[in-house]
Every structure is written in structure tokens, then in C-alpha cells.
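Chemist: Each chain, letter by letter, is given below.
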Amino acid sequence: MKKFAALTAIALAWMSVAAASLATASGAVQGKISISGAWALYPMALKWAEEFHKIQPGVAIDVQAGGAGKGIADALAGMVDIGMVSRDIQPAEVQKGALALAVTKDGVVPTVSAANPNLAALLKKGMTKAQFADLWILEKALTWGEILGTSDKSPVHVFTRSDACGAAETWAAFLGKRQEDLAGIGVYGDPGLADAARRDPLALGYNNINFAYDAKTLRPVAGLAVVPIDLDGDRVIGSAENFYATRDDITAAIADKRYPSPPARDLYFVTKGRPSSPAVAEFLRWVLTEGQKYIPETGYIKLSPDTLKAGLDKLAGR
Amino acid sequence: MRRALDRAAKRSMRLVSALPGILVGAILIGLFLKSRAVLSLQPLTRLLFSSAWKPLKGQFGLLAFLSGTLWVTLAAMILAVPVALLTAVYLSEFAPRFVRSLSKPFIDLLAGIPSVIFGVWGVLLVVPLVARLAPLFGAYSSGYSVLAGAIVLAIMILPTIILVSLEVFAAVSRDLRDASLALGATRWETVKHVVLRKGAQGLVAAVVLGFSRAFGETMAVLMVVGNVARVPKSPFDPAYPLPALIANNYGEMMSIPQTESALMFSALVLLLIVLIFNFGARLILTRIERRIQ
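Protein sequences, first through last, are from chains F and S.
Using numbering that gives the first Met the number 0, count along the first sequence one by one with no gaps and you end on 317.
Using numbering that gives the first Met the number 0, count along the second sequence one by one with no gaps and you end on 292.
Treat the hints with care, as some may be off.
The calculated lysine to aspartate or glutamate pairs, modelled on DMTMM-like cross-linking and capped at a C-alpha distance of 20 Å, are [unchecked claim]:
(1) K53/S - D180/F
(2) K124/F - E240/F
(3) K232/S - E138/F
(4) K53/F - E296/F
(5) K104/F - E296/F
(6) K104/F - D265/F
(7) K56/S - D87/F
(8) K124/F - D233/F
(9) K197/S - D177/S
(10) K46/F - E289/F
(11) K128/F - D231/F
(12) K31/F - E50/F
(13) K104/F - D247/F
(14) K53/F - E289/F
(15) K56/S - E138/F
(16) K301/F - E49/F
(17) K53/S - E179/F
(18) K103/S - E166/S
(19) K31/F - E281/F
(20) K56/S - E179/F
(21) K308/F - E281/F
(22) K53/S - E138/F
(23) K56/S - D180/F
(24) K292/F - D248/F
Just so you know, the hints here were simulated from the structure itself, not pulled from any lab data.
All chains, please: the whole structure from these sequences, using the hints.
Modeler: Below is the structure:
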């Protein structure tokens with residue numbers, strides 16, 4: 000009994016010394032950061048984790064996807080340090096203590112299979128917002144011929160996301176509704192939806208840019224094609240509306256606002272209140288300053304200096 | 000001194016073995032407390048029998064999910080039970096011993112494969128199969144349907160039913176079989192009139208256990224079933240089972256207050272159904288075991 004008590008006392012003492020040494024001076028931080036949430040932010044979060052680990056090797060960062068809904072739920076429940084959220088934060092979530100920092104920007108694009116028999120006409124004419132609303136909100140049983148003004152009688156197979164996510168919420172916001180109003184077969188996860196669209200020649204879905212475009216070739220993923228949005232409704236995709244060929248084209252269009260927001264939107268890191276762990280605080284500060292330079296090469300859009308400054312102020316509690 | 004130690008050991012082991020029961024009770028109470036919010040807002044009948052699920056408009060009808068779960072589970076049972084029972088009969092009564100010992104590890108392997116792998120396999124193979132099958136019956140299907148979910152589920156519950164049925168058949172006394180064969184009955188007649196008759200209750204329990212496994216299976220089913228919140232009208236329609244609802248909407252719980260309560264309520268309904276079936280199956284199985292002794 001006495002030996003056991005002595006051993007426990009020594010163990011506790013050792014652990015408290017170790018914990019105290021976590022917050023050392025000289026700017027080096029140590030600790031673990033857990034991040035979970037939106038598929039949209041997943042590639043960027045991985046890149047940031049990698050680069051941050053190079054300059055702060057004492058910090059281990061663990062990133063998991065699972066949808067924006069999971070991200071915000073995990074962050075507010077205290078299960079992860081940072082939640083990745085690819086949609087606007089609801090007032091009810093702010094009331095529960097959500098502190099959202101806009102860290103980058105990207106967009107959602109409508110996608111079809113590259114094997115779609117009407118692909119040529121689709122790329123020339125595009126589709127309008129009203130047509131998207133007819134299919135996704137009003138659930139009209141349209142054929143590809145009715146969409147494109149041809150005689151094709153094959154039906155449009157509409158797909159959406161089954162999990163609570165930012166991509167669906169953003170796409171629905173573009174159509175003036177919420178995710179629960181979107182019709183179509185629900186598929187789990189961004190890669191799942193891209194896969195469903197790829198395998199069904201008559202499918203119509205939507206994806207985050209980084210799942211629609213291949214990261215290496217910068218063109219749409221093999222088997223997938225991006226539907227141009229006919230913004231002015233003239234049923235012709237002119238040079239002013241044609242920015243879907245490569246990932247750089249679409250990100251440039253989002254940056255100078257030629258592509259509407261929504262479906263382009265800010266992406267957020269959400270914490271429960273101001274972060275208490277010095278590692279998390281330092282990571283977030285770095286993301287909003289030096290981390291921004293990794294954004295264009297990963298296929299996202301940089302934020303304006305004002306937005307970043309507002310974020311830094313929020314982080315510092317000003 | 001030794002007596003005190005013996006008593007202490009007995010008491011602590013009693014506490015530990017009561018733990019599963021206490022945990023289940025704690026989960027039930029927790030779910031019930033969380034469901035009270037939505038139960039006080041909407042009458043129970045509207046929650047269970049309305050098919051309008053629009054949380055942002057305050058509509059929490061679970062009919063589409065309950066019927067989706069029922070459709071997929073029943074279809075899976077229809078596909079799995081005959082195959083499983085006949086497999087168990089063959090392995091127990093007709094197969095040479097080496098076939099039996101060879102199949103056992105494979106059945107155990109099938110039981111151990113993670114649910115997600117069945118889901119991925121289902122998306123790659125079963126969904127296109129159903130999509131191609133539907134036009135032969137004059138219907139259209141994207142492939143994500145009740146049938147796809149049922150096929151994947153049927154394969155997942157096969158091992159459960161087979162293994163329990165094998166136990167049931169092993170419990171039928173050798174003497175009965177020997178007596179029947181001695182009287183001149185063929186192997187199949189023995190099986191039909193003696194073994195199956197004697198093991199009927201146990202087989203019911205095996206089927207019920209398979210049913211409750213199918214009822215609660217989440218990941219594999221949600222990947223192939225289509226997740227459309229509407230009451231399915233044919234096996235080629237998409238469905239939205241209750242476990243998939245909870246898994247998909249976990250994220251919304253934080254943003255919309257009643258949604259958490261509604262999802263907890265659906266979790267409660269799911270748990271109660273599974274518990275009732277499991278409890279019933281266990282009762283039947285214990286009665287059989289007691290009868291053998």
C-alpha cells in the first residue's frame with residue numbers, strides 16, 4: 000500500500016512537470032491539435048498541417064474529414080480543437096460558443112459525367128440557375144433534351160449529398176434554399192458524389208472545386224466534366240463565362256467575382272470560444288498570416304487583407 | 000481473512016457483470032431525457048406517422064424513415080433467411096466433416112469484415128447491378144435503392160443466422176437422428192421431420208437475431224440506399240433507414256435545437272425495437288438450452 004502510494008505520487012509529480020514544460024518560452028509551442036470537418040477544407044488543412052509542422056516540429060496535427068456538420072458538432076462538443084466548416088455559421092451555433100475564423104475561399108461547381116451523350120451541347124450552352132432550381136428544388140422530371148433544347152429523351156438523374164455538409168448548404172444557398180430542400184439521390188461524402196456522377200452518364204451533381212478538379216493535372220477529374228453556369232441566361236457560354244477548363248481558371252474567376260458567391264464561399268476554422276491551448280492559437284495565427292501563401296498552389300483563393308485582419312482581431316479577443 | 004477476500008471478489012464481480020445492464024439502462028434514460036423536447040412539441044402520432052421531415056420548418060415526421068428501415072430489413076430477411084437456413088442444414092446434416100471445418104473459418108471471416116467494406120463493395124458492384132436490373136422489370140432505378148441495401152444487408156447477416164442455426168442443430172440430440180434413420184427415414188426426411196421440428200424455436204431465435212442486426216446496420220446501408228426521405232413504393236425506389244438518418248444528420252444537431260431531440264428520439268425508437276427483439280431471441284434460446292440439460 001505504501002509503495003503504491005509512493006509510486007502514484009512520483010508519477011503525478013512527473014506528469015505535472017511535463018505539462019508545465021509544454022508552454023515553453025522562445026515561441027516554440029508543443030502539443031497536439033485535432034481538426035475535423037468539411038471535405039472542402041480537407042486538402043488545405045492537410046497542407047497547412049504539413050507546413051506548420053515544418054516550422055513547429057513540437058506540434059502534431061491530426062486532420063479528419065466527415066462533413067461540415069461533423070466539424071461544427073465536434074468543435075462545439077469539445078471533441079476536436081478546430082472544426083472545418085464550409086458554410087456560414089448559424090446564429091444558434093454562435094450562441095453555443097462557436098468562434099469562426101475565415102481562413103480561405105473556394106467554391107462548389109455543378110458536375111456531370113464525361114460520358115454524358117449531350118456533353119458537347121452542355122459545354123456550349125451551359126445551364127441556368129432556374130434550371131438547377133427546377134431540378135433540385137421543384138423536382139421536375141426534366142430530360143436532357145428539355146434542358147438543352149434538343150430532342151434527347153433521356154432523363155436527368157439528380158444527385159445530392161446525404162451528409163450534413165457545407166457543399167450542399169452552399170449549393171442550396173445559390174438556389175435560395177437550404178440543404179434539406181435539395182432533391183435527388185443522397186450520396187455520402189464529396190468523393191462519393193463525384194464517383195456517382197462519374198459512373199452514371201445521365202447524372203447531374205455538384206462538388207467542391209478540389210474534388211472536381213485533379214490536383215496534379217489541374218483539369219477536371221478523369222470521367223467528370225464541369226457544367227458551365229449560364230449566368231446571363233443567353234444560352235451561350237461566351238468567353239466571359241467560360242472559366243471551367245482548369246482549376247486555375249475557376250479560382251481566378253472566384254477571386255475577381257466573375258463566379259458568383261454563393262456557390263463560391265468563405266471557408267472557416269471554428270473553435271469553441273477563443274482557443275486556450277497555445278499550440279492551437281499559434282497555428283491559427285500562422286494560418287491567417289504566413290499560411291496564406293500556400294493557398295494558391297493548393298487550389299484555393301486567398302482572402303482580402305481586411306478579412307484576415309478581422310480574423311486576427313477575433314483570435315486575440317479584440 | 001480468506002472468507003472476506005472471497006466475499007469481496009464475489010461482490011466486485013457481481014458489480015462488473017451488472018455493468019452492461021446498467022449501461023443499457025443509462026443509454027435508454029439518456030435518450031429518453033433528450034427526446035422529451037420534441038415529444039412535448041409534437042404529438043407522438045405525428046412524429047411516428049407523418050412523412051414530412053423538414054427540421055428547419057419544425058417538421059419531424061419519421062414515417063419515411065421507419066418504412067424505409069422496414070422495407071430494407073424485410074427485403075434483406077427474405078433474401079438471407081432461406082440461404083442461411085439451407086446452408087446451416089447442409090453443413091450440419093449432409094456435409095462431410097472436412098467441408099464443415101473448411102467453411103467455418105470463412106463464415107467467421109464474413110462476419111468479421113467491417114461494415115464500410117461491404118458499403119464500398121455495394122457501391123461498386125451492387126448499385127450498377129440494380130440499375131441494370133430495374134429496366135427488366137419496367138422500372139427506372141439509379142441503382143441506389145431498397146434492393147441494393149437489402150442485398151448488402153443480406154450478405155452481412157448471413158453469418159449470424161448460419162452460426163446460430165448451426166448451434167441449434169448441434170443441440171438436437173444425436174439419439175433422435177439415429178432413431179429416425181434406424182426406422183428407415185432418409186437423411187432429408189430426418190432433417191425435415193426431426194431436426195427442423197426440434198430446432199424450430201431456435202431457428203426463430205436465429206432469424207430474430209439476424210433481424211435485429213439488419214435493423215441497426217448503418218454504414219454499409221447508407222452508402223447504397225439513396226437517402227431520399229420518402230416512403231418507398233417499390234424495391235427499386237431509394238429509401239432512408241433510421242440509422243442512416245442519425246449518421247447523416249449528426250452535424251445538424253448543433254445548429255437546429257429540436258433536431259437533436261428528434262434524432263435522439265429516433266435513436267430511442269431504434270434501440271427499443273432492437274432490444275425487444277434481442278431480448279425475445281435470448282429468452283427462446285435459453286429455454287432451448289435449459290431443455291437440453
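Chemist: None of the hints should be skipped; say for each whether it holds.
Modeler: Hints and how they fare:
| no. | hint | verdict |
| --- | --- | --- |
| 1 | K53/S - D180/F | 8 Å, holds |
| 2 | K124/F - E240/F | 11 Å, holds |
| 3 | K232/S - E138/F | 17 Å, holds |
| 4 | K53/F - E296/F | 18 Å, holds |
| 5 | K104/F - E296/F | 13 Å, holds |
| 6 | K104/F - D265/F | 4 Å, holds |
| 7 | K56/S - D87/F | 19 Å, holds |
| 8 | K124/F - D233/F | 8 Å, holds |
| 9 | K197/S - D177/S | 14 Å, holds |
| 10 | K46/F - E289/F | 13 Å, holds |
| 11 | K128/F - D231/F | 10 Å, holds |
| 12 | K31/F - E50/F | 15 Å, holds |
| 13 | K104/F - D247/F | 14 Å, holds |
| 14 | K53/F - E289/F | 13 Å, holds |
| 15 | K56/S - E138/F | 19 Å, holds |
| 16 | K301/F - E49/F | 19 Å, holds |
| 17 | K53/S - E179/F | 7 Å, holds |
| 18 | K103/S - E166/S | 12 Å, holds |
| 19 | K31/F - E281/F | 12 Å, holds |
| 20 | K56/S - E179/F | 10 Å, holds |
| 21 | K308/F - E281/F | 15 Å, holds |
| 22 | K53/S - E138/F | 16 Å, holds |
| 23 | K56/S - D180/F | 11 Å, holds |
| 24 | K292/F - D248/F | 18 Å, holds |
Violated hints are absent here; each numbered hint is respected by the structure.
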